[in-house]
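A.B. asks: Start from the sequences and build out the full structure, keeping to the hints where you can.
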Amino acid sequence: MPLNHLAHLEAEAIHIMREVVAEAEKPVMLYSIGKDSSVMLHLAVKAFHPAKPPFPLLHVDTTWKFREMYEFRDRMAKELGLDLIVHVNGDGLKMNINPFVHGSTIHTDVMKTQALKQALDTYGFDAAFGGARRDEEKSRAKERIFSFRSSQHHWDPKNQRPELWRIYNCRKHPRETVRIFPLSNWTELDVWQYIHRERISVVPLYFAKERPVVTRNGALIMVDDDRMPLEAGEVPVMRRVRFRTLGCYPLTGAIESGADTLTGIIQEMLLTRTSERQGRVIDHDVTASMEKKKQEGYF
Amino acid sequence: MDAFSARRAEFAAADIEQYLRAQESKGLLRFITCGSVDDGKSTLIGRLLYEANVLFEDQLAALEADSKKVGTQGDGLDFALLLDGLSAEREQGITIDVAYRFFSTATRKFIVADTPGHEQYTRNMVTGASTADAAILLVDARKGVLTQTRRHAYLASLLGIRQVLLAVNKMDLVEYSQKTFVAIDDEFRAFARHIGLEHVSCIPVSALKGDNILALSDKTQWYHGPTVMGYLETVEVDRARVETAPFRLPVQWVSRPHADFRGFAGTVVSGTVRPGDRIRVQPSGRESRVARIVTYDGDLAEAVSGQSITLTLADEIDVSRGDVICAADAPTGVADQFDATVIWMSDHPMLPGRPYWLKLGTKTVTASLGHPKYRVNVNTLEHLAAKKLELNEIGVCNVAVDRPIAFDPYKENRDTGGFVLIDRLSNDTVGAGLLHFALRRSHNIHWQATDVNKQARSAQKRQKACLLWFTGLSGAGKSTIANLVERKLHGRGLHTYLLDGDNVRHGLNKDLGFTEEDRVENIRRVSEVARLMVDAGLIVLVSFISPFRSERRMARGLVDDGEFIEIFVDTPLAVAEERDPKGLYKKARRGELKNFTGLDSPYERPEHPEIRIDTTVNTPENAADLIIRTLEQRGAVDPV
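Those protein sequences? They're chains A and B, same order as listed.
Each residue of the first sequence is one higher than the one before, counting from 1 in the working numbering.
Each residue of the second sequence is one higher than the one before, counting from 1 in the working numbering.
Hints listed in this document are in silico derivations from the structure and should not be mistaken for laboratory results.
From the three backbone atoms N, C-alpha and C, an ideal C-beta is built for every residue, glycine too.
Keep in mind that the hints are not guaranteed to be accurate.
To be verified - Cβ pair distances, simulated, as ranges:
| id | chain 1 | residue 1 | chain 2 | residue 2 | range |
| --- | --- | --- | --- | --- | --- |
| 1 | A | D83 | B | I195 | 51 to 57 Å |
| 2 | A | E256 | B | R289 | 55 to 61 Å |
| 3 | A | E176 | B | T366 | 53 to 59 Å |
| 4 | A | K52 | B | H608 | 34 to 40 Å |
What the hints assert, rightly or not - Covered stretches of chain B, going by a simulated chain A footprint (3 or more residues, C-beta under 8 Å):
| id | stretch |
| --- | --- |
| 5 | 272–279 |
| 6 | 345–359 |
| 7 | 421–435 |
C.D. replies: Laid out in structure tokens, this is it:
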């Protein structure tokens with residue numbers, strides 16, 4: 001009996017992770033606390049069992065994540081007994097970079113893109129796992145599973161290495177790095193089905209609950225802490241909402257939903273008519289914005 | 001009710017738990033689509049995605065906006081825009097890379113590798129085809145089977161795709177003519193038979209109008225075969241065949257979490273395995289039994305092809321990354337020389353004799369390729385003579401690796417028979433290859449161990465054998481200095497031999513010219529001769545321009561550590577040209593000599609030579625003394 005599609009995707013991701021560990025000098029797993037990271041982490045535990053995953057987790061923290069994400073992050077690292085490195089761009093902190101004041105483009109560049117480069121340079125990681133999927137966005141669809149970056153962390157979409165069969169060429173020059181996407185061939189639905197099948201814990205924000213929100217530019221923004229400046233006449237109201245993707249709370253739109261169980265989420269997704277990235281404010285900025293950001297070093 | 005509403009009703013009513021259980025038994029099909037944008041390939045994929053409801057409202061809205069702005073379909077949706085992801089591609093209206101798409105139906109999940117059609121993208125198609133179970137080739141019904149169709153069919157068959165669907169598109173533009181379709185069908189089947197493709201289907205479609213994509217069209221009532229989606233849902237998956245092949249597990253990683261556990265992690269690429277099975281580890285040939293199949297979810301009673309597992313063995317035998325654990329009664333072959341098809345993927349041509357990294361499964365070794373026996377014209381399938389392979393060219397040649405490796409013929413097992421070639425300087429993947437068979441000489445010629453060895457021969461001469469490699473531009477002063485060094489060493493009673501570039505070209509290498517590939521071969525032969533002389537216990541001096549780093553590195557790899565001493569005779573081009581002792585620069589400048597190093601052929605400076613001689617400040621006499629002093633310091637010769 002041939003493997004079913006989830007078993008196939010699982011085996012492929014495990015194969016990829018083992019190749020990296022066998023060939024890279026100092027790998028790290030980028031852990032963003034979202035559902036894709038949760039799946040990736042679970043796969044890493046499976047890939048190296050009975051050993052522990054032989055690499056630390058790195059959270060590039062913008063300091064603007066939801067509070068429940070921080071709690072979840074610390075709990076997972078403790079439960080699994082893994083090293084968790086939290087990196088914040090200190091220069092950005094000094095400049096008081098704030099998504100409400102500076103907007104998503106500057107915030108993302110300084111606190112995510114630049115911060116990630118800093119962290120990779122500081123710790124000397126030469127290989128970093130990321131949870132990106134090809135179905136998320138058009139330019140991702142053409143990215144390799146092993147994505148090479150120059151010593152300046154730049155991505156050159158025209159100069160990607162062919163990937164044939166199960167063979168991945170991990171060789172690189174000193175100071176070059178590689179980003180590896182073991183979930184490349186997964187879809188959003190695969191991720192949820194796998195979470196369901198494997199009973200993987202995810203941040204409670206994915207489940208519907210009464211939460212205080214305001215409506216801004218058509219998006220439902222949750223008032224997660226008192227750093228959020230309310231505009232004149234804006235009053236947070238309690239609404240039954242949940243999140244399809246998680247990021248910085250000021251930049252992440254909620255959806256109205258009654259789905260408070262895993263099966264409820266999956267059912268809702270099967271019925272939905274919008275893609276998950278719609279909730280992300282950062283993608284709407286410029287056309288081809290993801291491709292541009294990636295060339296500059298964004299994940 | 002549109003397709004979406006239908007699905008909506010289905011899911012709203014369905015018991016979601018039951019739905020998820022059904023999902024768990026869904027299989028996976030990977031397929032590739034080949035054809036040009038003109039054939040409507042992107043439209044076909046866009047249509048499949050649209051019909052399978054994987055397009056969301058915001059994506060459709062973006063598509064509508066893009067269609068109006070840059071679309072080619074008037075007011076209609078231009079599905080091609082969904083697929084051409086990179087902005088450069090969108091502007092140029094071409095697909096230049098492999099893009100992967102995903103959709104699923106009630107019975108299968110699909111991964112589509114969308115690859116461009118033109119000949120200059122052969123490498124992209126080969127990449128997509130390497131993991132595909134099936135291929136959809138598109139033709140325009142108005143144009144029929146074209147050169148490009150034949151090329152795609154050939155590449156699909158070469159890469160081992162057994163199931164090929166010819167989608168005869170744009171039937172709406174030929175008034176759904178059965179005659180037109182049958183003529184194309186006949187012609188294609190005849191060609192497919194010729195190249196050995198066994199399972200061929202042809203379907204008349206209009207991707208634009210949706211005919212025979214999801215439902216049989218009433219405009220082609222003369223057609224009674226499956227729809228495109230029907231075909232995709234039922235076509236045989238290659239993994240089913242792989243499962244019945246002999247067991248193979250290339251070892252990725254040795255797991256040693258504590259002293260009591262030693263497991264071998266890897267993916268089962270073919271066959272099945274159970275505890276107690278007798279296995280053999282290749283290339284060493286050691287045998288044992290499987291003790292446990294370890295996974296996070298508990299030990300397994302059986303693992304099948306495609307699964308990533310960790311094996312423990314009953315005996316403590318030496319197994320490392322790159323070894324292949326296989327069924328003891330049907331092991332892989334082991335060899336170090338092969339006949340192989342090579343597909344070249346780099347702008348820099350494949351040069352016979354140059355060393356590359358070869359990665360097969362999880363094993364990386366050094367390889368060199370022989371002269372192509374022939375190159376295949378991918379359009380006519382003719383065999384052509386070739387001295388090297390350029391980007392997108394496909395040829396058959398001998399491949400020699402520096403140690404025996406486990407392998408299967410590619411047609412029996414893609415994972416143990418397919419390899420990539422990696423440039424040793426740029427680290428880029430520059431080629432892919434398919435192993436056919438081991439060369440007989442590989443079986444029959446064994447290294448003969450001799451009792452009198454290099455150490456014994458060197459000791460008798462009271463010296464240490466080594467290889468002094470002089471590199472530099474023509475006219476740099478290599479031969480002059482090498483000659484002086486040899487005289488001085490000889491004067492001390494040491495046993496030496498000087499291999500001079502020009503002299504060797506009078507004999508051993510007189511058949512070689514000055515093209516890049518001939519230069520590589522020139523150095524390969526000289527390196528091998530030098531190696532034999534070092535083995536004879538001599539101090540060997542080689543004075544060769546040797547312009548390429550990779551060949552100097554190859555020469556270094558042929559002798560033992562510390563024996564290779566690279567001497568860079570560093571003379572600026574202007575100075576060498578001014579000296580021009582043999583009048584060669586003048587000739588080259590007049591255009592009478594082609595491929596002259598420094599002028600129209602590159603010289604790659606050594607990055608870390610053991611000795612660098614700046615001839616603008618050193619006389620040859622000085623240089624020779626400096627070299628001998630360095631040899632004394634390194635213990636290669638005794639001080640007087």
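A.B. asks: A separate judgement is required for each hint: does it hold in the structure or not?
C.D. replies: Hint check results:
no.: 1; hint: A:D83 <-> B:I195: 51 to 57 Å; verdict: holds (54 Å)
no.: 2; hint: A:E256 <-> B:R289: 55 to 61 Å; verdict: holds (59 Å)
no.: 3; hint: A:E176 <-> B:T366: 53 to 59 Å; verdict: violated (22 Å)
no.: 4; hint: A:K52 <-> B:H608: 34 to 40 Å; verdict: holds (39 Å)
no.: 5; hint: 272–279; verdict: violated (count 0)
no.: 6; hint: 345–359; verdict: holds (count 3)
no.: 7; hint: 421–435; verdict: holds (count 5)
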